[in-house]
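Colleague: Here is how the chains run, residue by residue.
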Amino acid sequence: MDWTALWLSVELAAATLAVLLPGGLWLARWLARTRFAGKALVEGLVVLPLVLPPTVLGYYLLVSLGAGSPIGRWLLQTFDLRLTFNFLGLLVASVVFNLPFMVQPIQRAFEAIPPALIEAAAVSGLGRWATLWRVELPLAWPGILSAAVLTFVHTLGEFGVVLMMGGSIPGQTKTIAISIYDRVQAFDLASADRMALLLLLLSLLAVAASFFATARLMRPRA
Amino acid sequence: MGWAVGAALAPAWAQSQVTVAAASDLQFALEEAAALFERQTGHRLRLVFGSSGNFFAQILQGAPFHLFMSADEQFVFRLADAGRAVDRGRLYAYGRIGIIVPKGSPLKADGELRDLAAALRQGRLRKFAIASPEHAPYGMRAREALQHAGLWEAIQPRLVYGENISQAAQFATSGATDGGIIAYSLARAPQVAALGDFALIPESWHQPLAQRMVLLRDAPPAARAFYDFLTTPAAQSIMVRYGFAMPR
Amino acid sequence: MSPAAAVPDAADAVCDGALHMQVQQDRPMPLAGELSCAPGELLALVGPSGAGKTSLLRCLAGLMHPHSGRITVGGQVWLDTARGVCLPPQRRHVGLVFQHYALMPHLSARDNVALSLLHVPRAERARRASAWLEHVRLSPEQQRRRPAALSGGQQQRVALARALAREPALLLLDEPFSAVDQMNRQGLYDLLADLRQVLRIPIVLVTHDLAEARQLADRLVVMDAGRVLQQGTPEQIYRSPRNARVADLVGVQNRFAGRWLGPLAPQDEADAAGWLEWLASDGTPTGQRLRVRDKRRLRVGQRVTWVVQGDALHIGAEVQEACAGGPIGCVALRAQVVARRNLGETTFAELALDGAPGVRLRITRAGPQRRALQAEGWLQVRLDCDWVHVMPVRTG
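Residue numbers (the numbering used here), protein chains in the order written: chain A, 1 to 222; chain B, 1001 to 1248; chain C, 2001 to 2396.
Some hints here could point you the wrong way.
[Unchecked claim] Here are a few chain C residues that face chain A, going by a calculated C-beta distance under 7 Å:
hint	residue
1	Leu2063
2	Pro2089
3	Gln2090
4	Val2094
5	Phe2098
6	Ala2102
7	Met2104
8	Ser2108
9	Leu2115
10	Gln2186
11	Leu2188
12	Gly2251
It is worth saying that the hints were derived from the structure and are not from the lab. Please read all numbers here as calculations on a predicted model, not as lab measurements. All residues carry an ideal CB built from backbone N, CA and C; glycine is no exception.
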C-alpha cells in the first residue's frame, strides 16, 4: 500500500479543487447568465478536455510548458519555476483537464434557476453579490457539490496526463494510479489489488454522493 | 494553495532525495542494490522504472532525474552529446534476452525459437509479447533476434508490445498471450520465475545489451556516491545474481 | 396620441407621486407609447399576447431598457435616455408581482418578504415581514411555510407582500391572477381593492382578462403590436373605441358597417344628430337607418364602422321601458335568435336582423333575464341610438 502515492493524489485533488472551485464557479455563472458572440466557442473550449485523450493533453502541456519552450524558459528565468515533472505541473494539467467536470454541472445548476427569481431579487433591492449569496448559491449548491465531488474523484484517478508529464517521481508526481501501474509491472499484484480496490471504493462513494446531491436538485422543494 | 504545496515540495524533495531513472529490466536487481546502499550510507534513493527511450525523451525535456541507468548505451551517448550529462557515463552491465512461456502455454521454452517457428507455421500461435522496439532496448533486441530466426515477418500480426520490458513481461506471463521475449534479469526474480519457463536466446542473435549509466547535470553528491557504489563488488554480485554479465 | 412627445418639465416638477412614462423603440421589438398614472389610481394595460404590455411593465421595473424613453415617478427620474440616466431596478423603489409568483423556493414566506427588507436591521426585518403578511391575510402558521406548501392564491399574496414591503413608489402587477384558480381570484381582487385604500401610489396592472380589467381599473390602456392605441376609463373606451381595432381588442361584440348620411333635417342639426345607413358587411343596405350622435368628424357618404355596447340593446320586458336615448332616441328592430350558447348562468345569443339575415346582433344575458333569449320566432329589440359610436373605416 503506497501511502505516499495516495497522499499525493489526495493533495493533488484538493489543490485542484481549491483552484478550480472559485474559478469554475465564476466561469460557470458567467456562461449561464451572459449571451455574447463566440459563446459557443468558449463552451466548446471548456468541454474540449473531456474529449481530448489525456496523453494528448499531457503531450501539449509538456511541449508548451516544458523547459524547452518559451514559456518554460521564461518561468525558469523569472521565477526559478518548473512546470513539468513536479507537483505544480501536475496541478496545472489537472486544472485544465478538470475544467469541464467543474464548469458544466455548475453551469447547468445556474441555468436551472428561473430568470424570474433573479429579476424578483433585483426588484426587491438585492445587488449582485446579495443575489448570488441569498438566491443563486442556495439553489445551485447541489450542482456545485456534484461538480466538486466529480472533480476530486477524477483527479484522484488521473493517469494519462500524469504519465506524460509527471515522470512518476515518488512523492512528487507518483500518484496512486501511477503507483498501481508501477506495482503491476513489478509483479507485486497484491499491492496493486489493494490500491485499486481502495480507489474503486472511493470513486463509488463519491459518485453516489454526487447522484444524491443531483437528485436533491431535481426534487421539487418541500 | 497548490502553488504553495508544489513550490514547497519541489526544491525540498530535490535536495534530500536522489532520483534514479532506471530501465525496467533493473526492477528487482536495483531494488536490492539500492536497499543495501541505503542501509550502508543512510542516503535515501527514489527509483523510477520505465523504458530507457522514454526516460531519454523526458530528460531532454528537463525531467529532474539525477542518475540515468539505460539498458542501451546509445541513449547515454545522445544525452551526453546534448549536454545533459556530466560525462559519457560508465558501462555497468550486459543484459540478456530469453523466451518465457507461462504455465499452460502451448509453446515450449526453446531458446533457439524452434518451437515458436513451428507454432507460427502451424498457425497455432495466438499472441506473443515483446517490449516496444521503438523505444525499449529489450524490444529492439527481441526484434533483432526474431529477424535472425527469420520469424519477424510472420510473427508481426501476433505481437503485443509492452511499453517497457516489465510490461512486456506482464503480458508474457499473464496467460493472455502464449509467451514473450523478456529480460533475463526479470526472469531471474522469484516472482516471475514462478509464473513460467524461461530459456536464454543466444547472444550472437542480437546486438549486445550494453547497459550504460550516467550522472546528469546538477546531481547531488549522494548520486555520485550511488554511481560509484554500483561498481563495487557488493553491488556487482547482486547484479550477477540477476543474470547480468559484468563488463571486463 | 402621439408617441415620443416630450413630457413637459412642469409635470415632473410637481412632486405628486405620479407616474409618467414614454418609450419608443423599433428593435428588438417595436414599442411606442405614453401613459400616466396618478397616485392611488390603478391603470390596466390590456391587449392581446405580444402586444407589448409586459415589455412596457418591464421597462418600468428597470428590467428592460428601451431604446429611447423617459420615466419619472413622483418627480424622480428613473429613465431618461436623452440624458443617459437609467436607474437599475435596485435603485428604483418599485414593487413587481410576477405572473408565476417568482418566490424563492428555499425560503419561507416570511423570509421571502424579508428579502425586500434587507436595509432594515434583522430583528426589525422579521417583525415587518410578518406584519405585511398579516396585511395580505396569511396566518402565522402559513407564514412559516415554504412556497411549495402554499396554494397559488396564497403564494401570490406572499408575492404581493414582498412587493409592498419595499414601500414602493410604484406597484406593478404582471398578469398576477392568471395563474390563480377562479375560486381564489375574487379574494385577491378584494384584497387589492382594500390595499388601494391604504396605498396612495400609482398601480399598473397588466392583464389579458378584460372582465378583470373592467372590475379593477380606474383607467385602461389598450395596446396592440407595441403601440398604445387608446387610454381612458373603461366606460369611455367601451362606449367610444377609437377605431375598429380597439373595438375588437376590448371585445365590443356589436360592430357593423355603415354609410354616413349626415344630418338630413333641420331638427338633426339642432339635436347634433346625423343619420347612419346600416349596411351588411358586404356593403348591401339592410334597409335600416339610424339616427345617432353627430360628432362632426365624418364626411357625408363616407363608409364607416360603427359599434354599440351590449347595454344599448334591450329585449323582452326591457323593450317596454322608456327610451333613454334623450334627443337622439331609440329604434325598434326585429330579430330572430339563430344561435344560442349557454354557459352556466349566462346565455350568449346571436340574432339575425329582419331583412338582413347576414347581420348579427350579439346579446348576452345572465340570470332570470335569459328567458327572453329562449323565445322562438321574431323578437323585438330596442336599440338606444345614443350609445352608437361611429368611426371612419381604417384605410391601409
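Colleague: Work down the list of hints and note, for each, if the structure agrees.
Modeller: Each hint, compared with the structure:
no., hint, verdict
1, Leu2063, "holds (5 Å)"
2, Pro2089, "holds (4 Å)"
3, Gln2090, "holds (5 Å)"
4, Val2094, "holds (6 Å)"
5, Phe2098, "holds (5 Å)"
6, Ala2102, "holds (4 Å)"
7, Met2104, "holds (6 Å)"
8, Ser2108, "violated (11 Å)"
9, Leu2115, "holds (5 Å)"
10, Gln2186, "violated (25 Å)"
11, Leu2188, "violated (18 Å)"
12, Gly2251, "violated (29 Å)"
Violated hints, in rising order: 8, 10, 11 and 12; the structure is consistent with all others.
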